[in-house]
Structure formats: structure tokens, C-alpha cells
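Chains A and B are the protein sequences, given in the same order.
The first sequence: position 200 = 200 (UniProt numbering), numbered continuously.
The second sequence: position 69 = 69 (UniProt numbering), numbered continuously.
If you're looking for bench data, these hints aren't it; they were derived computationally from the structure.
Quick list of the computed label-pair ranges, beta carbon to beta carbon:
#, chain 1, residue 1, chain 2, residue 2, range
1, A, ASP128, B, CYS78, 35 to 43 Å
2, A, ARG109, B, ASP128, 21 to 29 Å
3, A, THR13, B, GLU75, 55 to 63 Å
4, B, ASP66, A, ASP133, 35 to 43 Å
Now the stretches of chain A that chain B is said to cover, found in silico as 3 or more residues with beta-carbon under 8 Å:
#, region
5, 148-160
6, 163-171
7, 186-194
Cβ coordinates follow ideal geometry from the N, Cα and C atoms, glycine included.
Number of protein chains: 2
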Amino acid sequence: MTTAKRDTYTPETLLSVAVQVFNERGYDGTSMEHLSRAAGISKSSIYHHVAGKEELLRRAVSRALDGLFGILEEEHACVGRSVERLEYVVRRMVEVLIGELPYVTLLLRVRGNTGTERWALERRRDFDHRVADLLKAAAADGDVRGDVEVRLATRLVFGMINSIVEWYRPGGRGMAEGDVADAVARLVFAGLRTEHQEPGAGIRARGSGL
Amino acid sequence: MTTAKRDTYTPETLLSVAVQVFNERGYDGTSMEHLSRAAGISKSSIYHHVAGKEELLRRAVSRALDGLFGILEEEHACVGRSVERLEYVVRRMVEVLIGELPYVTLLLRVRGNTGTERWALERRRDFDHRVADLLKAAAADGDVRGDVEVRLATRLVFGMINSIVEWYRPGGRGMAEGDVADAVARLVFAGLRTEHQEPGAGIRARGSGL
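With the rest of the complex left out, here is chain A:
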């Protein structure tokens, strides 16, 4: 791929090279020269496809954001009890993150130095709020515990999901995206313990049982 000297790129394939370079060097640390070398085509050939690196960034993070917002339009995210919709969204977030791994990785690393980065951060916050609203609705239904603040729970769940980009490698150790999505859904909704008791609840239960 990197030996292709002639410009056989489409906007799509150029984007996939650019995202790889952005993730390796950081967006700020990437120049058009770096992109040109990685793609094996001249800078002017790149300018034939896009106005500059910021356009590549915008396209790349849009792909991740479209994937994430697309989840919220899916039937199971819109119909049914809030807790079921939330569980569906959490599972699908993991699948989208893994399916669009380099794009979501880039999105999560955006820091906000350019207009495009600030726009991406804003859209990420919108998405977080949509999920937090679902969690709030599930708590109002009494289906989700009330003793963890919604904002904090949302952050912790997103923290767990987003951390997957740090270690997941496609094809590595044969861990399918469905397995990871199942594991996240189980941990987030049912927890690690086999006896689903609060700390201390076991003692009370035993006491009243005797």
C-alpha cells in the first residue's frame, strides 16, 4: 500500500491513512509532509482530494460521530423501557467503537485547539448528554440504582467503554467485538458479584433469615 507511488487514492482510502498518522503522531504533530510521506503521494495530490489536514480531521471524526449518533436512531434505542434502551445503547457503543476503532480513537483524543476540534468536542458532549438523559429516565423508572449520581455514573460507564481503545487490537487474541460488548453490558448492568447484594446486605439477609 505504501509503495503505491501513483495517486490511486479515493477520499476514503486517503482518510484511512491520515487517521493512522493522526493517531500515531497526534493531530497537532502531523504536517501535510507527514501525510504525503505516509500516503506515498505528493502534497499537491492530497490537495486534489481535500483542502488540508483539518478537512481530513473533520471527515474522520464525523465518521466516528455519525456511527455513535446513528445508534440513537436505531429501533431498540428508541422503543421500550429506558433501562433496556440504555443497555442496548451501551452494547452498541462498544460495537461502534471497535468497528470504527481508529476513527473513535481519534475522536477521543481531540483536544480543542482548532475550530474542528472544538466542534467535535461539542458533538461528543451532546452524545454524552443523550446517554445521560437515558440513564436519568431509567433511574426515574426505578430500574437503575438511585445511589450513584447520574452524571458520575455516565462518566464512569463512558470511562470503561472508551478505555477499550487503549488495548483492543482487531484480530488480536481472537476477542470478538460481541464478546467485549457482552462483558461491558454485564459489568455495567449486573456487576461482578454473583450474589447481587450490597456490601453489608448479606449480613442483614442472613440475620433476618434465621
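Position chain B against the provided structure of chain A, taking the given hints into account.
Chain B alone, transformed into the frame defined by chain A:
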């Protein structure tokens, strides 16, 4: 603090300035010049305290690692059922992370370019394995669900805990470290759902109850 021109630094206070600069600029991107400017003392004054920036890095990540490994020596981490010890360790990890926030943040960002960084990564892996062993023991006791692979569960739980460095700010919004530790312990061990049922289990339970 930054106006102090005379060298009133101790190794401890110099370390706290260095860690702040490392976290802002990245360790690789930090020069002795940057450290000298941030501390408001000359480079030779810094060399009076330490051999160079790698020694500052070693001291800083040692502080984080000592905090984490110290947990494993505490009584509640050593005595009792594995699942209780694990829950204690998870809770204490959150407390140490928040209590030593800049040091743990630096530790989590270490990438492995120098000998000190590789040593720190190695120690982090040791710690991860110790926690994974505890999870394995709890699963063997039947206290922790067997349908999420230990290695994956460890990664996800560490992912949730480590993500706290991305948003936690001391004194911000009045969220105490104990509140965050409680929330993590509740989510990790008992999950979000108030009815602790597997997806689909509710339908079975209702079916058999009628």
C-alpha cells in the same frame, strides 16, 4: 510559588512542580529549561537536587506505584474472602488515584521510551496481575461471575478507574474521593440495575412465578 527566585525547593516541592510540567507538556516534550522556568530556579539549582529529568520521573512514578502497591499490604486486602479483598482494593485504588492525582496521571501516561518508563510499565503490569489474581480467586470461590473472562474484566475495571484522571479535579463540584470510590465499587460489584437480573432472566422469573 512561581515567584520564588531563590532556591527554597526541597526534593519534594521540586517534584511536584516537575510532575505538573510533565503532565502538561508530556515527559518527552519537557526539557530541563522548561523545568527551570516553571520552578523559577536555574538549571544548575535543579541539578543540585537531582541528576536530571529522568530521576524526577522515577521519583514521581515511584510515588504513584508505592501508593498502589501499598494497598495490597493493607489488612483488608490480605484477610477475608477474595471478593471482599478485591472490593476493598478497587475502592482504595480510586482513593489513591485521587489522593495522588498528578502522580498517578503521569504513571498512566508513561509510554516506554526510556529505561525508567519501561520499568514503570513493568511495575504497572505487576500491579494489574496482582489484582487479576484476586479476581481469579474470587471467581474460583464462585463469588464473581464466571461469564466474563478475568483478563477482560480486569481491563474494563481498570479502564473505569483510570478514566477518573481525565475529569476529576480536586475541590471541583465538591465531589469527595469517598463518593467516587463508593460509586465505582457499586457499579463494578453490583451494577446499575436495581433488579439484579440477567437480560432475559426477568422473563424467565416471571414465567416460573405464575
